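Number of protein chains: 2
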Amino acid sequence: MAKQYSEMSKAELSQLNSELQKQYDEIVESGISLDLSRGKPSKEQLDLSEELFTALNSSSQCISSTGFDVRNYGLLQGVEEARQLFGQLLGVPAENILVGGNSSLTMQYDAFARCMLFGVGEHRMSWMKQGDAKILCPAPGYDRHFAICEEFRTPMIPVRLTGHGPDMDQVEELVANDPTIKGLYCVPKYSNPTGETYDEKTVRRIAELKPAAKDFRVFWDNAYLYHDFGKVTEVANIFDYTNGTENEDMVYEFFSTSKITFPGSGVAVMASSKANIDFAIKHMSVQSINADKVNQMRQVLYLKSPENVREHMKKHAAILKPKFELVEQKFHEAFDGTGIATWTEPDGGYFISLDIFPNTAKTTFNLCKAAGLKITGAGATFPYKKDPDSKNLRICPSYASAEDLAKACDVLAVCAKLAATRRLLELE
Amino acid sequence: MAKQYSEMSKAELSQLNSELQKQYDEIVESGISLDLSRGKPSKEQLDLSEELFTALNSSSQCISSTGFDVRNYGLLQGVEEARQLFGQLLGVPAENILVGGNSSLTMQYDAFARCMLFGVGEHRMSWMKQGDAKILCPAPGYDRHFAICEEFRTPMIPVRLTGHGPDMDQVEELVANDPTIKGLYCVPKYSNPTGETYDEKTVRRIAELKPAAKDFRVFWDNAYLYHDFGKVTEVANIFDYTNGTENEDMVYEFFSTSKITFPGSGVAVMASSKANIDFAIKHMSVQSINADKVNQMRQVLYLKSPENVREHMKKHAAILKPKFELVEQKFHEAFDGTGIATWTEPDGGYFISLDIFPNTAKTTFNLCKAAGLKITGAGATFPYKKDPDSKNLRICPSYASAEDLAKACDVLAVCAKLAATRRLLELE
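Same order as they appear, the protein sequences are chains A and B.
Each residue of the first sequence is one higher than the one before, starting from 164 at the first, in our numbering.
Each residue of the second sequence is one higher than the one before, starting from 164 at the first, in our numbering.
Since the hints were made in silico from the structure, they are not lab data.
Accuracy of the hints is not assured; some may be wrong.
Since the list gives no way to pick out one identical chain from another, each pair is judged satisfied if it fits inside one copy or across any two copies.
For lysine-lysine, the following DSS-like pairs were computed, each having C-alpha atoms within a straight-line distance of at most 30 angstroms [unchecked claim]:
(1) K445 / K292
(2) K373 / K292
(3) K364 / K297
(4) K437 / K203
(5) K206 / K437
(6) K292 / K477
(7) K532 / K445
(8) K437 / K537
(9) K206 / K297
(10) K570 / K484
(11) K549 / K292
(12) K548 / K203
(13) K292 / K548
Note that the coordinates shown come from a computational prediction; the quantities given were computed from them, not determined experimentally.
With the rest of the complex left out, here is chain A (with noise of 0.2 angstroms):
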């Protein structure tokens, strides 16, 4: 067992410094190219899905359950079989369901721009002409559902995370008292980045939020509801807790196939109430007249069913499960007895959530960079990249092999443990 990083003396700090300065010129020498930032499938999960490309292979599958050809113009909302099944994946009926192209980060923004333009429903005014417009953004998170607030220039207000979901005292505190507090950003299950998964009475608390602001939405990011690859974990269905009650209208669900089939070709969907789809159909019917649907009936053809989808999804957890767990092996390795690091085991998504030592993320960060090892950018996980601790480093585990992995977090760990070393001695 290491020595614990805040019990050395002075004289073992500067040596462990010494030690791993060495350590990190040799493999600065080495000259490496890795990278742990890229969050996205890997060829071997995208080969699993090769029957993707021939599921469709004639136009007379092209005639939908409703009888229309899907070949032409047409259904905005989209193809009946993809409603249903969607329908079916997400827990709801598929007249709340609209399918649409190939990004459910498009259609994030997309339903955040209606909101800021045109308001969260008829006879809503716009969040834009209401002035501030705040969002309460759960951190560490998704980056780019920050980037969507600062492009729309709505200030962020980071809430904490539990470990089993966003502090909701904090949250039902600054919704009921602040009319400018219209949204709450959510990645309900495999958090992206701290890998939780939100338990039954943080669902609950937010379906029942009282908000000051009577155009309150939730952005309900359900991008890993299928991607485990531990123990399964079940999140709850947030609108078996609005239905029926005045939150009924309180809730977007976002979900896709990118990381189910191909990421980035895959149908991205939208369940909500039907005011809530109706409206978004009033105004998509000006920006669209359709989404890919030859794309969804293939995408469609090819899932088939629910427990087709879990299936498949095994296939990619076969995948990932070693990664993930070489990745824990490695910093079990590297970090145990030091005190100076903390990291998520998560039992699916896409990240692990790596703490290393207060205020060093930046150093490390930038002594990966220096070694020719690309991490995700120190502070990205925050609203403004602006992590309070300057701790916190998202772990792409997925798209590397695992030789290149292994690799990789020995580079990792060694410029974290420097830039730890460097920081207790006041070196920067």
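Once you have looked at the hints, place chain B on chain A.
Structure of chain B alone, referenced to chain A:
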């Protein structure tokens, strides 16, 4: 030769009116159900692209010329092969091409939204913040362009069409003197619905505009660039006139394969200056990781080359031309000598613009509707649906079968004539 309605005595008109009313009643009695409002390809046209389904049938075809696996995230500007092909089709370098998703309407809406929200480029104030942003709309024009302006509450100023593009005297004077005029919508080839193609002089005058607004933009919707079915008409490449001038950033061009392969499942394209493309990409990167590159690759593998696209479009032409000729023949039979109707006889595109007796478009529409014939709404081709003469109807010959088309034209002619006699008799 029929007698001109305007030269008929009241007795003759009354007699004619009675005869037409009788014909109309018989049509209503017969219980038809026809549709001339669908500006979309027929099943026969869709079947032309059957081989698109199998053009990409293996992951081995998914490595782009730059070595990128198009199945995975990335390449927001599009796959290199697609940028090359569309660059050749539009006559611009590939670096000026942004290949998008399934809808050029979405690309136009999003480009317009960026102008409104973020301005036309770096250090430019958003159109929204500047207050009034007026848009010039050649009319009759494309209803979906007008809908975008209405959605963003940007006042539309109708501009007269000359048969070879907008009245440039009017356009030049308006843009030179009013800095709140920020945009001009154009369908330069086979304009929707008039079918006219802008002549070289008009294109040049647009390229050489001296707008008072320094952030003036031309939305160049080149939807029908390869959609000839009669005499092949060439439209000048507007970038040939703007490149290297102070208007270099003035034009956004749009194009898609929707009416080449499958409507709403093709690939859309924006062409513009490098500065405009870079600015678009910067904001699009918040909205999307990439468009559907697998479909981009599929379309390229199927369409192959500009020469092949031209050959493919000849097959569309062979289906469309007889339908347009049939409508024109029917209109000649019905209206020649009556003096109550004129219509365009385009060499391409999807529409015939029919002008009937002034102030009868709504009555004609209602008569058609009551008889079971759906036509595009009266006024739809004008901003705010306000046809100043209430005479323009947009006819879509592409979708219906020849048999239905012939019947529909007969019904439409009876309705238009009946409405004219009513008007002349001051019955309504």
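- Query: Going through the earlier hints one by one, which of them does the structure break, listed in rising order?
  - Reply: Numbers 5, 6, 9 - these are the hints that the structure violates, sorted from lowest upward.
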